[in-house]
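Taken in order, these protein sequences are the chains called D and W.
Take the first sequence: its position 75, counting from 1, is numbered 75 in the numbering used here, and each next residue is one higher.
Take the second sequence: its position 131, counting from 1, is numbered 131 in the numbering used here, and each next residue is one higher.
Take these hints with a grain of salt, some might be off.
[Claimed, not checked] Simulated pairs of lysine to aspartate or glutamate, DMTMM-like, Cα-Cα distance not exceeding 20 Å:
| # | chain 1 | residue 1 | chain 2 | residue 2 |
| --- | --- | --- | --- | --- |
| 1 | W | K132 | W | E93 |
| 2 | D | K193 | W | E30 |
| 3 | W | K181 | W | D54 |
| 4 | D | K195 | W | D74 |
| 5 | D | K193 | W | D69 |
| 6 | D | K193 | W | D54 |
No lab work stands behind these hints: they were computed from the structure.
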Amino acid sequence: MRNRNATAYRFLAPYLLIFSVFWVWPIISSFIISFQATRTVPWRFAPGFNWGRLIGDPAFFNALKNTLLILVIQVPVMIALAMVMAVLLNSPLLKARGLYRFAFFAPVVVGEVAYSAVFRLMFSLDFGIVNKLLNSIGLPKIDWFSNVTPAMALIMIAVTWRWAGYNAIILLAGMQSIPEDVYEAATLDRVSKLKQFFYITLPLLKPVIVFCLVLSIIGTMQLFTEPFLITERGGPGGGTETLGLLLYRQGFRSLNFGYASAVAYTMAALAIAITLAQLWLTREKQ
Amino acid sequence: MATVTLSNVVKRFGAFEVVHGANIDIKDGEFVVFVGPSGCGKSTLLRMIAGLEDISGGEIAIGGKLVNDVEPADRGIAMVFQSYALYPHMSVEQNLSFGLRMTGNPKADTDRRVKRAAEILRISELMDRRPKKLSGGQRQRVAIGRAIVREPQVFLFDEPLSNLDAELRVQMRVEISRLHKELGATMIYVTHDQTEAMTLADRIVVLRAGHIEQIGRPLDLYDDPDNLFVAGFVGSPKMNFIKAQIVGHDARGVVVELAGQEKTRLTQPLTGPAPEPGSKVIVGVRPEHFGNAGEGDTDLIVAIDVVEHLGGTSFLYARTAHGEDVVIQRDAAKVPTTSEVTVSIRKSYLFDENGLRLR
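Chain W with its partners taken away, still in its complex shape:
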């Protein structure tokens, strides 16, 4: 097991910089997820840790040892690819043992490692099959097995579940979580799916356009986002954003008025410097933070467009009087039957014009 440290890591393709000075400290045995939209540089960062991409600037250390110029095979890592990257002409057993056989590892040790990996992943009965005879989930297990037999210090996963259907994805997510507990290894996992990130990670690194937006534990990111991007990216359905304006201060904090709705004001306590009255801000409200009328700081009338019933909960897709779309979470039993409903805002977040959180 090992720590992984990225210091000011930069990646350029020609003159085009795709990762702008990433600093991440990953602890021994930690499960860290890099999450962000397509093209944010998360896979590039992972491939730089693996050694499959050169590092244009900065330093990467694994287990305290600088690995910038170390060959991929000597970094003590194993990687699971999005496409599985199995050797199509080899059986499962050969896929698992190939690397060890090619490097002259003793046969008894190779057999032991392959057997152990097969048992951990419950693929012992598939050993003679070729990849094309396996289902997507089984192929993914073999790909993970190939990583396990290397007994690496760090596991790297590059969007390993994105080719699976929704049900299998949930199942494999649980398996990977179980594997992390069982092996206790450091794991770095790349995904664009915030649900995967939230459910798997000890810590999440949110990336956008090659910049790290925030690093933190899943619930910290959810409850205390640093900026508009993280607030919007983490959580499903995403946080609602309503345009607003600072109208003054009172003893409890700064007073905000929602755009186009003179009577809808809420007070937000701030410890930092408060913006001047008249400043444009954005109020963020998570779907579950809308309460019944009178329950929160302020009430808001919304027109309901669509109601989605998910069983225990329902989501109301609605519009404010100012025409802004909002999603409201309700217990299934408490879904209003009228086309308009008054809701209250029980908890909200304030962001300045540049998208930075006002705390």
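Bound conformation, chain D alone:
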């Protein structure tokens, strides 16, 4: 048995080597770096240098506030929207279901840069289609990129557009795994379609919804592409800077790896804490 294990490990060795060097080691290394002052040469061990700065850094709290704001507003709206899309996709009345499924899933496979460029054009102040539409129904133009609130809204719209369909497909798969005869039994019990949704579909989908929420929470905690590309590096004036952007700014623009590592560990810890809290709140009560 020992020999067989050794053989297995020899086959796994190339993968384990790459995994260790490019995955395990950076995790350990960044943890160590987070306790080092990296703006000096040579780097020196100074536990309070980065972690102490984190506690009092307005930029960190701004990024944290923006990230949590997106998390609290965008994630529930997106999951609710995904649920509506999944219900519509699951409807027996729907024709060309495959086409819609593809259409809803397509945003995920579109290149991030391309989609960001299109969003910038669509929301452009002077020639964007969104402002033209607003004008056509008598509403004033919105300067999506120069004001903080519209910019945040734009980030949330973009992220929702990109990921709602993906979550809808996951929810749809969950819905289709609920046996049809459970609904038939409820129909015979005179339970209306709406009540069937709230009392049968939703409770039975709970594990799938929790899965979508956890994925979305982790995704939002790492949010980078949209504020980087659409609102130009978290603009206006850091109004849409997220923790992911702060990390990038500190690590790769200011080359302050120690502080960036501390931010990275804070992001991971927050994601874990929020996910655990959410799992605890939605746990199966027996």
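Fit chain W to the known structure of chain D by using the hints.
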């Protein structure tokens, strides 16, 4: 309680017709079993009565009221599904009361009905458990309980025992029979298992490929089948079929000679028109209708392949001289030890080439 009447009921899926004009009259309080092989349309027929499938043609009346366009919940029926269809996230108690709670039934009445159903089915001690913590038999009881709390006029059962093991199936069969006596409700039960049909039914409806082959009391179907299909489907082991030919008539009836066995002739009394001599027919013999040599109309030599001992009785799996397989029932004490045995045919049925009974 109510009658159920099906008049020329037709079901089509697109251009494909699966039920071809079914006519059934079910009396108040009767236990009727729809039986037939897979795909014969029995479940479809039941689902049409429930209102879960649209009716493509004909009429269905429950309690004398036409229900073609009545919502399933308003038909006064309750259904027990093959897969139980329990709500997995609810306790047994919630499963039983869900429908009543959702429709605003008074709590006291809901509690009374749930308590009564639990007592009838002896599941009172399981009320707090979720379905996944129950055995197959217990789940089936909960599914039946959910039907009972609705206090329906008609109970519909869609192969309710097919997911249970053999022993539990027998036990639940007895329970369902007891329930029918206790509630006195009209019950319609779908199964592919002829033993279930024979043991449970007041009347059996035998279906094949969307057609009703025969309707009758279990023993009537067994003793007096209308055609080859019913004769073969009802009874276990099934009736033996031996190819034969009409060779003439005598004072007692038509004389039949078994194929390939010149000396094996039997006389079958017929009240209807007799086929011409030379016509091909099929002789049906139930396993228990083979007697010892000289006991019946004619003797037949068969070669024994296998003997199955079931305790009190044994089954001889044998072949005729013409190579046709037959199953012969014998008392365990009277099983021959030789590889060949002479048996007699004490009672037989005659079918024409199209499978219709010649009487």
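Starting from K193 of chain D, check that the Cα of D69 of chain W is at most 20 Å away, please. Holds, at about 18 Å.
Next pair to validate is K181 of chain W with D54 of chain W; report whether the Cα-Cα distance is within 20 Å. At roughly 31 Å apart (the allowed maximum being 20 Å), D54 of chain W and K181 of chain W break the hint.
20 Å Cα cutoff - pair K195 of chain D, D74 of chain W: holds, 18 Å
Given the proposed pairing of K132 of chain W with E93 of chain W, does the C-alpha separation stay at or below 20 Å? Distance ~14 Å between K132 of chain W and E93 of chain W Cα, so the pair holds.
Could you grab the alpha-carbon distance between K193 of chain D and E30 of chain W and see if it respects the 20 Å cut-off? violated, 33 Å
Need the status of pair K193 of chain D, D54 of chain W: alpha-carbon distance at most 20 Å? Measuring from Cα to Cα gives roughly 18 Å; hence the hint holds.
Checked against the numbered hints given earlier, this structure breaks hints 2 and 3; the rest are met.
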